[in-house]
Amino acid sequence: MCSLLMWLTTFAQSQRRVAGTVRAKDGSAVIASVKLKGTNQGTSTNDQGAYTLNDVPANAVLVFTSVGYKSVEIPVEGKATIDVSLEPGDQTLDEVMVVAYGTAKKGTYTGSAAVVNPSDFKNTPSTTVENGLNGRVAGLQVTNSSGQAGAMPSIRIRGIGSMNASNEPLYVIDGVPVVSGDGGQMSDYIYTANNVMSTLNPEDIESITVLKDAAASALYGSRAANGVIIINTKKGKIGKPVINLKSAIGLTPSWATDNYKPAGVQEQVNMLYEVYHDYRTANGDDEFTANANALDMLNSRFNQHGYYFETNGTGLYENVMIKGMTDGIENREGKYYDWDKALFRTGIYQTNDLSVSGGTENTNYYSSLSYTKDQSRIKINDYDRISGRINLAQKINKHVELISNVSLSHNDQTGFNDTRNTSTNFFLQSRNLLWPLYWPTDYKTGELWTSRYGSYAYNPEYYNNEWENSSKTLRVSANETLNVQILPELSVKSVFSFDNSEIKDHLYYSANHFEASTTNGSVSEMSTAIKKIISSTTINYNKTFGLHDLSLLAGFEAEKNQTDFQRATGTDLASSAIHTVATAGTLSANAYNWGYNMMSVLSRAEYSYGQKYNLSASYRRDGSSRLGPDTRWGDFWSVGGGWQINRETFMQNLNYISNLRLRASYGVNGTLPIDNYGWRTLTIYNNKYQQKPGGTVSTIGDPNLTWETSYTTNLALEFGLFNQRLTGTVEYFNRDSKNLLQNVPISAVTGFTDPNGNNTTLMNVGEINNHGIEVELGYDIIRSDDWKWNVSLNASFIKSKVTKLYKNSTEVNAKDIVWNDPTGGDARAQFVYREGGSTLSFYGYEWAGVNPENGKTVYYVNDPVHPEQGDFEYKGKPATYDYTKANYTILGSALPTVYGGLNTNVSYKSITLGLNFIYKIGGYLYDGAYKDVADDGYYWERIRSQDYYDNMWTPSNTNGSLPRLEGVDLTDAIQFSSRQMHSATFLRLKNINLAYQLPSNLVNKAGLSKASVYFNGTNLLTFSKYKNADPEVNQYGTRGWETPIGKIYTFGVELSF
Amino acid sequence: MKTINKIYAVVLLLLFSSCKDFLDVQPTDSGDSSTSLKTPEDAQVLMNGLMREMTSSNYYGRNFVMYGDAKGGDLTILQQGRGLDPLYNFNHTVTTNNYSGFWSTIYTCILQTNSLIENIEALENAGSTEDFSAYKGQALTARALMYYDLVRLYGKSYNDDKTSFGVPNVTTVLQSTAQPLRATVEENYNQIVNDLTAAADLLPKSKSDGFINYYANLAIQARVYLSMEEYDKALAAADEIIKSNVYTLYSNENWVDSWKAQYGSESIFELGVFPNEADLGTASLGFYLRRKGHGSTAAAGWFMASDYYLDRLGQDPEDVRWGVMSYDETSKTRLGSCYKYNGSVNLEGDKEGSSTAVNIKVIRLSEVYLIAAEAALNTDKALATEYLNAIRKRSPNLAPATTANITLDMILDEKSKELFGEGQRFFDLIRLNKSITFNDDFGGIPTTYRKKTIDRAFYKTILPISQDEINANPAIGAQQNPDY
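If you read the sequences in order, they're chains X and B. In terms of the numbering used here, the first sequence is residues 22 to 1078. In terms of the numbering used here, the second sequence is residues 3 to 486.
It should be emphasised that the hints constitute simulated quantities derived from the structure, not laboratory data. Keep in mind that a hint or two might mislead.
Chain X side only, calculated, beta carbon under 8 Å to chain B, not exhaustive [unchecked claim]:
| hint | residue |
| --- | --- |
| 1 | 334 |
| 2 | 337 |
| 3 | 466 |
| 4 | 470 |
| 5 | 474 |
| 6 | 614 |
| 7 | 615 |
| 8 | 645 |
| 9 | 702 |
| 10 | 711 |
| 11 | 714 |
| 12 | 782 |
| 13 | 908 |
| 14 | 961 |
| 15 | 975 |
Ideal Cβ positions, reconstructed from N, Cα and C, are used throughout, including at glycine.
Kindly generate the complete structure, drawing on both the sequences and the hints.
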């Protein structure tokens, strides 16, 4: 009766039409929803911002809402036209973000998820999206250790999730997990790999969500323990077609830091003279003989390059005069070859993007075409990508929608070794092998120098033309989604995804090249096709009963992964002009495939009361072919809750609090072994003998191999003060990971090896704990019409420890697990897992420094049984000169105390300036490359760094921090020891971005709707405790001979039609 | 809506049609080990795998052979840093230059033999009617050879201290978690002798290119018994091979060319190295011994003959064995580079297509003659002289040995000349407790880690157990070789 009365009353009011436009402060049209307050009646504005509402009661109140703007309520009061100007604000709470199997509002979501706005980094000159995340999200660590074109950074979410190499997060694009990581087989030959994720064009990305806790990610079950990165690609918006054109060019004229700057030619010659001199006197010769011999040695090495040497005296520290030989066509006296100039160039990065998007009520589309070319500072290291995408959504009728996202991308990468390889790593050669006394030509004849230099480098100017390599990836992915709205509250979503990357590797060596000199030229063509097929069907039920919101989800998923490999190699090539297998005299081939499958069921329930209280729970069951039949199935689940405190009545008076929210979650995730067949004992048939097949037992399976499981607790407090002017989140998490999978060193006596030929086997070995606090703070310093300035800071304080190592029944104490950094395959650093120790504990001899009395290197003995034992006492501890008498000990951890980012944006009218800093405080880095350029003994004819020259002990520099140079082959420098460990603290201006949006009246005259120009600078400033090389090291906290990253200056223009 | 129904039906079909065995995935280059040996043909395939594994660069493919010559004083280096020089300067530590590849590769080979033997015995016990005896015999003999090699690398000589540590004696397929400890040298030799004896009767007497036959077993017995100073047994084994006439010595005329062919008349056990198989290319044994830059800029001239060896061979300028020597980088007249494993000084190889895919001659008849001579020396000088002279005649200008002047050193010198580059010298000198002098003055090599002259009292004449092994198998750390 009452409602009837109300209805009648409403009806009694005069009905009228209301129209108007909704604009933002800057006058641009806003697509907003316009509703009558308290009803579902309403409409949305068109792309001009215009709306029309009929039958509006005169006493109605209109509510205008749009994502990213503060909602506005305006009483109609008889007006026929209501124009509205919306103010930006309150984005955080109503922001809709993409989460596992759907979307959620940030204000009601119970999990820990961070959204990264692609516009924050869209001008960054990078071929990969991961680089843009650097310093943007608390708990997310992006490490970028190589500056090669096409190189991919590594990502860690909240510490070390696993001992297994599969520490990388799961990537989900448009709702389905995708292939990530290295593809292709080039890493078997040279250490440059082709990363599949680099096929994704960053410009196509609409949103990125990083899922951090179990409540957010448990729905991805067995692959989510290391976090999930969800990427959705762009969709068209209703309105007329928008054409967007973007073009940028980036230049890299120099490295970001000094990188083991070599000493000058005079210092190099003097040092080599010292080496030869010392090795004679150490063997009992007098100074005179030693001098004669050292000069002989120098002459025998460098006469052939056009130089000879003289000294005035015969002492150890003589200045050696470098003279030019006069018997050739060229006298090189006073002239030295500049290898840096020969090997490096100004890197050029170019990108051009074109996209067209638009839509109607029933159809929307986004299509793009992009071309990117990246030529790194290293000569002959090029990457290019051409990619296209069509995202099309079509409503077939009121119930059914079909979405088709199809992308095609091709990239082509050419490169050189990026690890410790004396033949083809240009960076290593320039710092350690190529003397300025070497020339690419013979001083006597002027002909190209083809034999190996004394330092073991090959003349790159000759050999570059004698080989070629390329790695081409063609990725086709089709992602078909069918949405069926069966009832208003019940819908079914079915996704079928086909993702196929075909990587073609080409490797050619001419008969003149040292690699193929015994086979008269060789060429290999390799094809690796990585196929991933996923079928996923979910049913969604959403219902609102008064203040109660209920949402249920259930689904089924199956996934098939197969990699097909083929290789054809030809040797004895017919002609140096034709580089094909077809022309080869001798052929060999290989082809086989491998893969894994998975089947899952999943479900989730979410409940919300009055937007104040939120609860969620999820459950997933995964079965995987990577585990044996008995352990194959695993269960993963989570529960979570949120409490919007500021919506409670007792908070109503605290006006300065605009947001206060508490959320908590607990759940279980898993990780699968990266080996496909770890549970099987296999005989491999790849050992031909006398042209007959051969088989060998290689790996031993562990049928009890089981899931790694992570138990995560998450507790967060979100707050916003003064109308969201100051916002922040403080989050605590604790993750216990059990049954960790690790390739464990096994006794070589067993004879078993892993697929890489190492004596290791995959086992569930122990438990680790990660816990920490993440802080995110944002403050709008200036919020005026013309001026805007905000600052945001994020910091992650994460501890990661090995809590338990499993032992068998006969063992009293759990055994340490010693392992090497797998990067580059050069065993550059050694770590240990020990109960109670950090998960990244450097393990080696403790270097005590240099004894100022004699310049000898001193080690602390650290005898675990007899701690008092030592050859002598040094700085109060038992010490020795001989590292073989010292013991390995935990030297320090690579994990920083705190890391994160500092971002600030200033804008004045249409000029914006953004700065993105990244920082790391505490922890150590281990430099596995510096040892090569600071060797205090004789190994071969190598050059040394200026830093070593300046700091080595000499009788006149007894405070030198580095040991005295000796003439014997010392192995000290190459030991795992704290000598190569340095502070990892640094602050870097990762990005600076200055953009100017041209005035719209000017732009409109030119027929454009928007135009902007920008400048972006990458890695321009670095403040670091470690000066010898770039402090931005890899995910293990180590550095090897990877190409350094450079300073990039980018200029770009963006136009919209 | 109809179309949609169809699409939906297809999707559902894809979902559920292939569920059976969906989670059972196998690689296509490997098979389940439990079913890999059922027939003698299977055994042959696994035997092929084993022989191939033995040609690894860590074993007979290069390093094991280099070890015997570089450490035996017959080779020297001109410059440090070219590669493998710790084999020459003995710069071994537990963590560095420990050549743990010997340990891991040989044990991987032993795993293959253990797996073969266990599987064959299981089939035999199950009443299989197939004849696996030849494969079992080969596996047992190969295992004996591998233990003999290992115990000489890591343990003291049998006649030095046989109660000291040898190597872990593993004769079954272990679990991956096993942490075996070292047996004594004597226990190792007992196992070796047992395996060889058990295998002999199982093996065919016919020639078997690339594999082990009865005579290869006897030849290994002869070597082993010599190490154990059981001269009668060594002589008996060697005698039987010689008298069988299955193998014949190369004549002086065809000695040089014998290196250009596979499976010559002297080859008792020869490992096949074929292009695209075990061809180590620029890392091959032949490559390591050829002259710097010869045939390839990658040839670094790693090792060359020492002055002592050249003097020894120079006792007769017409010695046929000069035919595999060519000049080295130091002068056109110093014939220090050895071309046995390049086929010829012109890099002809021993088969079509490659100068580096050259077979490794593990045991030749010449060695058996010299073993026989040594074994007979104390009991039958006439016989010893006869056997020695059969080889010594390759130096046509040297007077044959007589029962009056024959000495052990003459036999050893002959062995050095004949088996140069074949990995024997060091083991002979250590076994006989002779001193070894290195030609360090040739390259001006500093001798920080060893003296110019050493003998087996020097601790680095045996290798350390590597840190990698100790990390995985801590208890073996307490059994480290002395002074490491």
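request  = Go through the numbered hints given earlier and state which of them the structure violates, listing their numbers in rising order.
outcome  = 1, 2, 3, 4, 5, 13, 15
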